[in-house]
Structures are given as structure tokens and as C-alpha cells.
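The opening residue of the sequence shown carries number 165 in our numbering; numbering runs sequentially from there.
Since the hints were derived computationally from the structure, they do not count as laboratory data.
In silico lysine-lysine, BS3-like type, Cα no more than 27 Å apart, as pairs:
| hint | residue 1 | residue 2 |
| --- | --- | --- |
| 1 | 254 | 240 |
| 2 | 782 | 728 |
| 3 | 316 | 363 |
| 4 | 258 | 240 |
| 5 | 598 | 295 |
| 6 | 738 | 782 |
| 7 | 598 | 316 |
| 8 | 362 | 278 |
| 9 | 295 | 354 |
| 10 | 184 | 488 |
| 11 | 571 | 316 |
| 12 | 571 | 639 |
| 13 | 557 | 782 |
| 14 | 240 | 295 |
| 15 | 295 | 316 |
| 16 | 240 | 728 |
| 17 | 295 | 409 |
| 18 | 590 | 295 |
| 19 | 363 | 332 |
| 20 | 571 | 728 |
| 21 | 594 | 316 |
Small disclaimer: the values here were computed from a predicted structure and weren't measured.
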Amino acid sequence: MKRYKLKPTAAIHYAIDYEKHLNPEQLAVVMAERGPLLVIAGAGSGKTRTLTYRVARLIESGTDPSRILLLTFTNKAAREMLHRVELLIKQDIKKIWGGTFHHVANLMLRRHAKLLGYRDSYTILDREDAKDLLDSCVEEIGIDITARRFPKGNVLLEIKSLAVNTPKPLAVILQDRVPFFGELLPDIEKVLSRYGEKKRKNQLMDYDDLLVNALVLLRQFPEVRDSYTHRFLHILVDEYQDTNKIQADFVDLLAAYHRNLMVVGDDCQSIYSFRGANFANIMNFPERYPDVQLFRLETNYRSTPEILSLANSSIRYNQRQYQKTLRAISRPGPKPVLVALNDISQQAAFIAQHLLELRDEGLALDDICVLYRSHYQSMELQMELMRRGIPFKLISGLRFFEQRHVKDVLAIMRIVVNPTDELAWKRAVKLLPKTGNVTANRIWNALSSANQPLQFALSSAAEPLVPPAARIFWKTFTKLLQMLSEPAILRDPATMIQMILTEGGYQEYLETHFENPEMRAEDLHQLANYASQFANAQQFLSDLALLGTVEAQDIVMGGPEDEKVHLSTLHQAKGLEWRAVFLIWLAEGGFPAPRALREPGGEEEERRLFYVGVTRAKDQLYLTYPLMVRTTIHKPSRFVQELDSVTYEAWAIAESEEGE
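Please construct the entire structure, taking both the sequences and the accompanying hints into account.
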């Protein structure tokens, strides 16, 4: 079959003045000719601009838009890039194939589904539907969930997805991620097998199936593969460092004929291995494409020279990387600040106070973000911001005390403090198997009719109200309530929380009902640490309830009503930027995350995560760490200790500043 070639660049008159709109690094990428291209795009280096102009240049060079494939990780990113291209070249480009891997895979499968035994009208399951189908498979197989808690559908879906996308054997996934389910391997295999059978029988595909089946289509049907590999003259992939093995293989197959493949990414921002992203894809690209042209985008348009100096100082400790040095375009600014605080309470107070000072200096709260490694590390800060009436919003997720697992534990505590708390009882009993709203209402009606609801619950008279499948768990639950109601325990809310996790079986509940039980358990351990400062459970619960009513109006006078400081985990902050950034909890044991260090390559990925956090800041960067967490002394994070001391200014905080 005929190979398609670009017209010679010298013979083309471009409507766009590429030299005017691009720096030399970007221009080299945009004007590159045939063959595989690897673009290492540093943080804030204009990656999206480069991709956009590359697509525009290909079309101006005579490439039919229908022969361009643009793969991104969100449809929004693809739409924005293609909209910019349309504005640049002022012509219809709707024929470009652009979107996520799943979107493109679906387009292919709709055309060729019959080859795989599917109708072209197959249904795509969203996560909720997939979870429900897995739960129904557990019931159909007849697994006895009363003998031992069995993972719920959402947990099974996460396990299955990791096994598909990594790809690793299911046994290895269980051993690495959820070892407490290791003995359930045969039953889990049966459930997943039934899940696959039901999907095929009912013409269903989940998100993973779209990628897997598209890859099968290309591998097993040469005529289909050839039609696409010949069609796509140019393939461009954004955020290549985040691809998994299936996605990389998918791209390699599509690019096999013309080999005009451009992948863009930053190895130093590869931080999603826990989702199945394969760091080796970008690092080994030159091995798969020996004739690759390597480009580096090192000119940074976001941060000050001082912030980039610190970022470069940190990431140089990673051995496995494409060497690059970010260079700033912006004018000089203040050095990043490193602040050691006595404890997490003083850390929260310092940040809250400095937020107010920055706002007094004219910096809007919307231009400020506080970043942390794990969600629990924001708990003390959220409390402090609520106390001071400083409005905040989380980039993703719920406020700490609004999270489901936190509310579950607090509901159990509320029952023993106030046995007539209807909402607490209903929430707590619905943690039992086979117990929904109808059963919860029936149990509450009986409890509320008793003179002493808690004593009635502890009696044998309450047991018939509970479904047979839940009775063994009801006994554990009521035994827990009896222990928690002891006067000595009521005076120790921290111990109450730990008992709910252990004696109450909530740790096991986390493991069977949540995809990230370790993180949620850590949240609850930190909640217990926080509770230890209160004289009793009633005082602890009252303090939390009162904080929930704090109005955040005082400091927003004269500003936008929705002005709020941002709080975010580092993973959620990738791709975003703010004028001022606080990176907190930079202590060993807090960052890097201990569980991440147990993984191969974990320390280098955690350092990349630190690098991502630092490079979110445009003008001002504050690094903070507590010297003491409750009763334990902590060293500064290794990532702090590695920094060249000339890259930051160390601040000493006087004792008198703590409560200001």
C-alpha cells in the first residue's frame, strides 16, 4: 500500500507565523518531520501550546484532518486543543479523531464489535453499574458473606481493574494491594469469571473492556489493524507518562505502519503508578523506537527563577530520568520559605495566619493553595480555618469530617453519648449486611419505643429485628456499644475511635467496602490523635458540631463572595497552578508516604510528587513541617534535607506567633 508523505516544508507558505508564536524549543517540535518524536515537556513549559500548533502545522502542510489521531486523558483536554487549532487555521477540523483512549477505543469497537461477538449496540457500564453487577455475581455464586466479610463490588472492581491494566496476575494484585483477601482468591476468581460471562451474555462492556477489546481487535484481525494503521498518518499522545501497558501497546500497534508517532509527557511528573500507570513506557520509548527524535521543553512560563531553582535542586536526586533543567521566563521573586513548626497545631495556625496576611497584601484567596500528601494531613488545618472563618474548598473530595468513613465512626460515638440520636442509629445499623433503610427504620422504631434505647439494643429482645445474615455482626456491634459506654472509655474519645476500628470490626469493614482502606484507616488514626486533646467524647463531638456552623464571612468583605483558599492532595493538583502555594507536613512519616516506600521505585515517585507540588507555585512557595506529631518527634522529610540550602530561606517562628 502507498505510503503517504508530507509535502516538503520549504514549499509551503504557512498562514501562521510559527516563529513569532513559539519559542525555539517549541518551534523545533512543531516543525519536526517524519518519524517517532519524544517530547519531554517540563512543568509549565507550554506543552498544550506545542501540541496545538503541531496539529495546526500538520494540517497546513497538507495532512487531511481525518488522518490525525490525538489521544488525551480527558475529553475536555482534547476539545480545548482542537478548538484552539480551529481558531488558528480557521477551517473545519471535525474529522480529526480526538479524545481519550476509551473514547477512541469505543469508536473502533462500534464499527467492528461483531468480530468480537458483540452487537454494535452494546452498553457501556459506568462504575456504579459495574459495581452493582459484581455484587449480583457474589449473590448468584452463593458466597457466604456471613461467615467472613467479602469485598463489595467497588473493591472487586478496583482489584479487577488493576489486574487488567498493570497487567499482573490476580494473585499478585491481592498480595501487593489487599493481602487480607489473599485466602479469598478462588472465590474472587469465580466472581470475576461470572462477571465476564454476564457482560458478554448481556452485551455489556465496562471501561477496562473498551481498551482490552480494542487491543484484541487490533491484534487478532489484521485487516482491521491495517485499516487504522494506514489511515492514521500522524498520532499524537498527550501526558504519555501516565499511560499503562495496554494504552502503550494500543498506540504502538496503530503507529506501526507510518511510525509518525509523537508522544508528549514529563517523566518527572509520573505519579500515578497506583492507578496502573507504567513509568517504563516513557523511559523505554527510545528502546522501542531507536530512530526517535528527542526534544526537551525546558523554558518555564509559570514559576519564578527561585522556585525553579528549588525544584531542580530536588529532582536531580532521581537516578531514572531524562535530564533537564527548568529555566524561568518570569522575573525574580522571593526565595521559597522553609518553616519548622513545633507541632501540627502550630503548623495549622501559621498557615491560617499567613493566609490572612497574604490577603491583606492584595493576594486573593483563590490564588492560594495548600497542598499535602494525604487527605488526613488537612484535618487540623480545616479545623483551624473553620475556627477563624476562613473559607476554603477542596479541589476534589469532601471535607475531612464529611467523609463517609469519618461520619460512620462519629455516628457510633454519638449513639453512646446520646442513645436517642435517631440519625446516628440509622447510619450505624446500615453498616450491617443486608440492612437498608427499611430495616434501619424498623430497628429505630423499636429502639425509640423503649425507655432506654441503648439497653434495649444490648438485650436479646432486639436481635430478631436484625436480618439473619447480619446477626453475627449485630452481636459484635452491640458488644462494642457496651464497651464504649463504660465511663472510663467515654472519657477517652481517642480510645473509643481505636476500639471502633479494632473490636468493632470497622477496620475489616474498610477493607471490604473501600478501594483505599489503608488511607481511610490512617484518616481515623489521625482523628483519634486529634480526639486525644478532649476530656471526653461529649466535648469532642460538641466541638466538631459547633465548628460545622461557623460562618466564613468576616474576611471576604469587599471581595468576591465565592473567594476561597484551595486545599488539595498533591495528586489532585497536577496540572493546576496558583500564585502562592503552601506544601505542608514535610516530615518523615508524612511525606514520603511510608506505604509508597514499600513499592519498587517508590521513593523516586514520591520525589516526583514533591516536584509536582513545588512547580504548582508561580510566585511564592512555603514549605512547612511539624517537629512533633502528638508524642512523636519527626525529622524533616528527606526531600527537604536534600535541598541545597541556598535555594530557600529558613524562618524561625516565635512561640508568641502560634496563637495569633
